[in-house]
Amino acid sequence: MARQSISFTQPNDEWLKSQVDTQEYSSKSELVNDLIRQARKQQIEIDWIKAKLDKAENSGFSNDSKEQILAQAKS
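Take the sequence shown: its letter number 4 is residue 4 in the numbering used here, and every next letter is one higher.
In case anyone wonders, no lab produced these hints; they're calculated from the structure. Hints may be right or wrong, so weigh each one.
Said to hold, decoys possible - No more than 27 Å apart at the CA atoms, straight line, and that leaves these computed lysine-lysine pairs for DSSO-like:
id : residue 1 : residue 2
1  : 28        : 50
2  : 66        : 55
3  : 52        : 66
4  : 28        : 55
5  : 52        : 17
6  : 52        : 41
7  : 41        : 17
8  : 66        : 41
9  : 28        : 17
10 : 28        : 41
11 : 41        : 55
12 : 17        : 50
Please construct the entire structure, taking both the sequences and the accompanying hints into account.
Below is the structure:
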């Protein structure tokens, strides 16, 4: 595992310490890694939504019914 040295603002450091103190996490490193994993997962979801929006914007107008459009979106 790669080691890094990072600095936190005082409020962020206090928040990290409080999370470790509640024994939700065993260390600040574990907490920071979990936050990064969550951010990466969120970015994947955002990228998926953006791709869907781009596809929709580039598809033009449709004469399909609401039901047909919904069925296409679900597929």
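(request) Quick one: which hint numbers does this structure break? Sort them smallest to largest. (result) Failing hints, ascending: 1, 4, 5, 8, 12.
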